[in-house]
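**Student:** What follows is each chain in one-letter form.
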Amino acid sequence: MEKELKEHVISMLVNNRPGVLARVAGVFGRLGYNIESLCVAETGSPKISRITSVSKADPDFTEKVKKQLNRLVDVISVNELDDDRSVKREMVLIGLDVNERNRSELFQAVSILGCTVVSLKDSYCILQIVGTKVDVETALNFLKPLVVKDIARTGALALESEI
Amino acid sequence: MERTGAEILLRTLKEEGVDDIFGYPGASTLPIHDCMIESSIRHFLVRHEQAAAHAADGYARATGKVGVCLATSGPGATNLVTGIATAYMDSTPMIALTGQVTTNLLGSDAFQETDIIGITLPITKHSFLVQDPRDMASTVREALAIAKSGRPGPVLIDLPRDVLALRIKEEEAREPGFFNTTELKFGEDERIRLKEIARLLNESERPVLLIGGGVKLAQAFTELSDVIEKVSIPFVTTMMGIGSAYTTNGYNLGLIGTHGMELANRIIHQADFILAVGARFSDRSTSVIEGFAPLATIAQIDVDPTSIGKNIKTDISVVSDIRVSLKELLGLVAEKKRDDWLSRISKERSRIEMEGCADGCGPVGDFIRQVQGNMPEKTIAVADVGLNQIWAVRSWKVRIPRGMITSGGMGTMGFSVPAAMGAKVGDPDHEVVVFTGDGGFFMNVQELATIGFYNIPVKIIVFNNGNLGMIRQIQHHFYSSRFRDSRLSDLVNITEIARGFGIESEKASVHDPGAGIEKLCKAEGPFLLEVIVDEDNFVYPIIPPGRSNIEMIYGRGE
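Here the protein sequences line up with chains A and B, keeping their order.
All residue numbers for the first sequence refer to the numbering used here, where the first residue is 1 and numbers rise by one.
All residue numbers for the second sequence refer to the numbering used here, where the first residue is 1 and numbers rise by one.
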C-alpha cells in the first residue's frame, strides 16, 4: 500500500546538551523516516535549543514521531507546524565564477531575484538568498545555467505565526 | 568534608533506597569497589556481566524497587547490553552503572574504551555521562527518578574513572539540571474519556479485559481485581500481564496469543468490547493484527502515550497512571452479573477441557503442577525462554502479584537463572523456582558459581529434552520436520555440572519424578533438578505465523 507522502515540519525545544541531537535523530531513523532538512541552534536561553526538521512522510508520521520524541528526557516540547499557521524560511548560499560572458546576466539575476552578494573575491562570488522554499528553488533554477560551483542550503526554519 | 565521586555515588544510591548491586569489577570501576568496603550497600559478584543485568532485572521485578547493576568499561559494559535490552523491552526500572576511561582519554580508542552510551541509545530510557564529580549526586537522583517514572525502564550512567576518583567538597555539589519527567495529571479530559469507557463497558454484552505488564508496574493489583469483581468481566493476560490479578475468582481465561490458551484466544475473538490495561498489543499477543478481535470496540488505558494505538488502532484511550485510572473507573462502572456471557465461556471451557487440551503441555504440564503442589503458595516462578517458558506460564497457576518472572518482549534465553538469583536476593521471604531448558540454562550456567558462593537458595528445574524444543516444534510444523541445528546432545551431564559448582542436584524423569520433586522442595540451600523430557513434548495449540488467534493447530501431522 502506497501511502500519501506529505511534508511535515517539526519544531522542538530540547535541552542544549551533548548527545541530544543523536537521540532525536535516532527516533526518526528507528521509525524509518528520513530527515530532509534539519536546523539546530540555541534559543533565547543558552540551556535550550530549537530543532526544526522537515520530513516527507505518511499521515502516521505526526503521531508516531511526536509521541516518541516526547518520550525523550531531553525533549521539552514538540510541535508540528502546518502551512496556514506558521512562517517558514530557508536560506541558500551559492558560489559562482564571474566572467565576461555571464557578468551581465548574473547581475540581472541578482536584481530580479533579490539576492545579496555576500562575497566577491577575484572572480568568485557568493550570493545569498533568503525566502520560502519556492523562492529558493526558483533562484537555484534560474542561476543553474550560469554555472553554479557550490551550494550550501539550510533546511526550513519555522515559527508559529499565531499563538 | 571531602568525598570522591565514587563515595558520592554509593552514598546517593543508598540515600535513594538502593540496598543491593550486582556487578563485576574492572580497572575503571575499582574506585567504586574500594568504597564498597565502607558502604552498607551489598554487592554481589556475578561471573558474567550479562548475569548482573538480569539479576538486577529479576530483583526489580520481584520487589518493585529499582535494580542496579555495575560493570567496567569496554567489554564489561558491552556484556550488559543484552540484559539492558531485556529490561527495556519489559519496562523494568533499572540503573546500569558502567565504568569509563578517564575523561582526557574519551574518544581516543583507549584500552577498554567503548561508546556504551551510543551503543545503548535505543535500549535505554535515558543515559548520562558524568563528567564532573560535582554532578554525581544530582545525576544519580535524576537517573533513579527517570527509571521509576511513567513507563519505567533502564537508565545508564557512564562513569569515567577520574570522575570516580576525584575529591570534591560536599558543598560543591551541583543541583540537578533541567530534566523533564512528564508528570501525568489526571484531569478533566481523562475523566471524560474514562466515563466513555465506563459507558461502553456498561453497555457491552461480551466484554473482555486484556491485562498487560503495565498493571504490575503500576502496582495496581487490588484496583484491577476490584474492577473485575464489580463488573464480572472475564480477563485474558499477555505474558507480562500474568499474575496481575488474583486468579481464584474464575474470571481468568489465561494467556492470549501465539502460544496462548485456546480458551483465551477464542473468547477474546468473540468479545464485543475489550478494555486493555497496560498492554501494547504486541505481535505475540495479537497474532496477525487484521484477524484480532474483529467484533470488538477496543479501549486502552496506559501510562505511556507511545503504547496507545501503536500496533492496533484503539477506539478510545486514556493516558494516565493505571492505578489512578482504575480507581476512578471503579466508581464509574455498573455492577453486573453477566450470566449469559459467563455461561457461554464456561461451556467453551468445558468443551476444551473435555477434548483434553486445557494446558496442552503434555506430561510436563502435570509435572509442573506437581511441583507447585509441593511448594508454598507464595512461590515466585521464574521461566526462561522457549518451550520451558510456555510450559511454565501455561501450567503454573500464579497466585501472588509478581509471582511469574520471565523475559517477555525480548525473549532472552539465559535470563532465568540470574534473574531468579536477583529475585531471591531482593525477596528472600518467598521461595523462588526456576523453569529452564537445556538450551537457555547453558547461556548463563556460570551463575551457578555465584549462587553457590552466596548460598542463594533458588530451586532450579532444567528440562532436558536434548533439543532446542521450540525451534524443533517450529521446524516440525512449518519446515516439514527438516530438523537442523536444533539438536543439542545427551552427552552433557547437567547434574554433574551442578555438583561441580557445589550445588546439590538430582536427575529425574518427567513421567516419574519420584523423590526428585520432594528433594527439590525440601532443600534448604540451592538445588538443581534435571528433568528428562521427551523431545516431542510440544505445546498445543500453537498459532502458525501469519494467522489469526483462532486459526490454531492442535497437534502433529496437521
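Rather than coming from a laboratory, the hints here were simulated on the basis of the structure.
Keep in mind it's a predicted model, so treat the numbers as computed, not measured.
Beta carbons are placed, not taken as given, at the ideal position from N, Cα and C, and that holds for glycine.
Please note that the accuracy of each hint is not assured.
[To be verified] Derived contacts from chain A toward chain B, CB cut-off under 8 angstroms, selection only:
| id | residue |
| --- | --- |
| 1 | Arg23 |
| 2 | Gly32 |
| 3 | Ser55 |
| 4 | Arg71 |
| 5 | Val73 |
| 6 | Lys144 |
| 7 | Pro145 |
| 8 | Lys149 |
[Unchecked claim] Capping the alpha-carbon separation at 20 angstroms, the derived lysine to aspartate or glutamate pairs in EDC-like fashion look like this:
| id | chain 1 | residue 1 | chain 2 | residue 2 |
| --- | --- | --- | --- | --- |
| 9 | B | Lys310 | A | Asp58 |
| 10 | B | Lys313 | A | Glu137 |
| 11 | B | Lys14 | B | Glu188 |
| 12 | B | Lys327 | B | Glu175 |
| 13 | A | Lys133 | A | Asp82 |
| 14 | B | Lys148 | B | Asp315 |
| 15 | A | Lys6 | A | Glu105 |
| 16 | A | Lys67 | B | Asp189 |
| 17 | A | Lys47 | B | Asp132 |
| 18 | A | Lys67 | B | Asp20 |
| 19 | B | Lys195 | B | Asp226 |
| 20 | B | Lys310 | A | Glu137 |
| 21 | B | Lys313 | A | Glu4 |
| 22 | A | Lys67 | B | Glu16 |
| 23 | A | Lys64 | B | Asp427 |
| 24 | B | Lys148 | B | Asp283 |
| 25 | A | Lys88 | A | Asp150 |
| 26 | B | Lys327 | B | Glu188 |
| 27 | A | Lys6 | A | Asp82 |
| 28 | A | Lys66 | A | Glu105 |
| 29 | A | Lys67 | B | Glu175 |
| 30 | B | Lys378 | B | Asp427 |
| 31 | B | Lys313 | A | Asp83 |
| 32 | A | Lys64 | B | Asp20 |
| 33 | A | Lys47 | B | Asp189 |
| 34 | B | Lys185 | B | Asp283 |
| 35 | B | Lys313 | A | Asp58 |
| 36 | B | Lys507 | B | Glu535 |
| 37 | B | Lys310 | A | Glu63 |
| 38 | A | Lys56 | A | Glu105 |
| 39 | A | Lys47 | B | Asp321 |
| 40 | A | Lys149 | A | Glu105 |
**Student:** Work down the list of hints and note, for each, if the structure agrees.
**Tutor:** Going down the list of hints, with the structure as the test:
Of the supplied interface hints, the one on Arg23 (chain A) holds, with its beta-carbon coming within about 6 angstroms of a beta-carbon of chain B, less than 8 angstroms. Because the smallest distance between the Cβ of Gly32 (chain A) and any Cβ of chain B comes to about 13 angstroms, over 8 angstroms, the interface hint for this residue is violated. The restraint placing Ser55 (chain A) at the interface with chain B is violated, with a minimum CB-CB distance near 18 angstroms, outside the 8 angstroms limit. At its closest, the beta carbon of Arg71 (chain A) sits 6 angstroms from a beta carbon of chain B; the interface hint therefore holds under the 8 angstroms criterion.
About 4 angstroms separates the beta-carbon of Val73 (chain A) from the nearest beta-carbon of chain B, less than 8 angstroms, and the hint is met. Because the smallest distance between the Cβ of Lys144 (chain A) and any Cβ of chain B comes to about 40 angstroms, over 8 angstroms, the interface hint for this residue is violated. A hinted interface residue such as Pro145 (chain A) counts as satisfied when its beta carbon comes closer than 8 angstroms to some beta carbon of chain B; here the least separation is about 45 angstroms, so the hint is violated. At a threshold of 8 angstroms, the smallest CB-CB gap from Lys149 (chain A) to chain B is about 35 angstroms, leaving the interface hint violated.
Of the supplied pair hints, the one linking Lys310 (chain B) and Asp58 (chain A) holds, its CA atoms being roughly 15 angstroms apart against a limit of 20 angstroms. Of the supplied pair hints, the one linking Lys313 (chain B) and Glu137 (chain A) is violated, its CA atoms being roughly 39 angstroms apart against a limit of 20 angstroms. Between the alpha carbons of Lys14 (chain B) and Glu188 (chain B) the distance comes to roughly 39 angstroms, so the proposed pair goes past 20 angstroms and is violated. Pair hint Lys327 (chain B) plus Glu175 (chain B) does not hold up; C-alpha atoms about 36 angstroms apart against a cutoff of 20 angstroms.
Straight-line distance between C-alpha atoms of Lys133 (chain A) and Asp82 (chain A) comes to about 14 angstroms, which keeps the hinted pair within the 20 angstroms bound. Note on Lys148 (chain B) and Asp315 (chain B): the hinted pairing is violated, with a Cα-Cα distance of about 29 angstroms set against a maximum of 20 angstroms. For the given pair, Lys6 (chain A) sits about 36 angstroms from Glu105 (chain A) by alpha-carbon distance, which is inconsistent with the 20 angstroms threshold. For a cut-off of 20 angstroms, the pair hint linking Lys67 (chain A) to Asp189 (chain B) stands: about 18 angstroms separates their Cα positions.
Under the criterion of a C-alpha separation no larger than 20 angstroms, the hint pairing Lys47 (chain A) with Asp132 (chain B) is consistent with the structure, at around 18 angstroms. Simply put, Lys67 (chain A) and Asp20 (chain B) have alpha-carbon atoms about 34 angstroms apart, too far for the 20 angstroms limit, and the pair is violated. With a C-alpha separation of about 17 angstroms, the suggested pair Lys195 (chain B) and Asp226 (chain B) falls inside the 20 angstroms cut-off, and the hint holds. For the suggested pair Lys310 (chain B) and Glu137 (chain A), the alpha carbons sit about 37 angstroms apart, so the restraint of at most 20 angstroms is broken.
With a C-alpha separation of about 19 angstroms, the suggested pair Lys313 (chain B) and Glu4 (chain A) falls inside the 20 angstroms cut-off, and the hint holds. Between Lys67 (chain A) and Glu16 (chain B) the CA atoms are separated by roughly 30 angstroms; this puts the pair beyond 20 angstroms, and the hint is violated. Between Lys64 (chain A) and Asp427 (chain B) the alpha-carbon distance is near 39 angstroms, which puts this suggested pair outside the 20 angstroms criterion. Under the criterion of a C-alpha separation no larger than 20 angstroms, the hint pairing Lys148 (chain B) with Asp283 (chain B) is inconsistent with the structure, at around 26 angstroms.
Only pairs whose Cα atoms come within 20 angstroms are accepted, and Lys88 (chain A) paired with Asp150 (chain A) is rejected, the gap being roughly 24 angstroms. Simply put, Lys327 (chain B) and Glu188 (chain B) have alpha-carbon atoms about 15 angstroms apart, close enough for the 20 angstroms limit, and the pair holds. Note on Lys6 (chain A) and Asp82 (chain A): the hinted pairing holds, with a Cα-Cα distance of about 11 angstroms set against a maximum of 20 angstroms. Taken as a hint, the Lys66 (chain A) and Glu105 (chain A) pair is broken in the structure, with Cα atoms around 46 angstroms apart against an allowance of 20 angstroms.
For a cut-off of 20 angstroms, the pair hint linking Lys67 (chain A) to Glu175 (chain B) is broken: about 29 angstroms separates their Cα positions. Of the pairs offered as hints, the one joining Lys378 (chain B) and Asp427 (chain B) holds, with about 11 angstroms between alpha carbons and a cut-off of 20 angstroms not exceeded. Taking the CA atoms of Lys313 (chain B) and Asp83 (chain A), the gap is about 27 angstroms. The hint is violated against a cut of 20 angstroms. Pair hint Lys64 (chain A) plus Asp20 (chain B) does not hold up; C-alpha atoms about 37 angstroms apart against a cutoff of 20 angstroms.
Taken as a hint, the Lys47 (chain A) and Asp189 (chain B) pair is broken in the structure, with Cα atoms around 32 angstroms apart against an allowance of 20 angstroms. In summary, the hint linking Lys185 (chain B) to Asp283 (chain B) is not supported, as the alpha carbons are separated by about 30 angstroms, beyond the 20 angstroms threshold. Restraint check for Lys313 (chain B) and Asp58 (chain A): the C-alpha separation of about 16 angstroms stays at or below 20 angstroms, so the hint holds. For the proposed pair Lys507 (chain B) and Glu535 (chain B), the alpha carbon gap of about 17 angstroms is at most 20 angstroms, so the pair holds.
As the CA atoms of Lys310 (chain B) and Glu63 (chain A) are separated by approximately 9 angstroms, the hinted pair is consistent with the 20 angstroms bound. Restraint check for Lys56 (chain A) and Glu105 (chain A): not satisfied, since their Cα atoms lie roughly 35 angstroms apart, outside the 20 angstroms limit. Between Lys47 (chain A) and Asp321 (chain B), the direct Cα distance comes to roughly 30 angstroms. Violation of the 20 angstroms bound is thereby established for this hinted pair. Distance check on the hinted pair: Lys149 (chain A) and Glu105 (chain A) sit about 16 angstroms apart at the alpha-carbon level, within 20 angstroms; holds.
The structure does not agree with the numbered hints 2, 3, 6, 7, 8, 10, 11, 12, 14, 15, 18, 20, 22, 23, 24, 25, 28, 29, 31, 32, 33, 34, 38, 39 stated previously, though it agrees with the rest.
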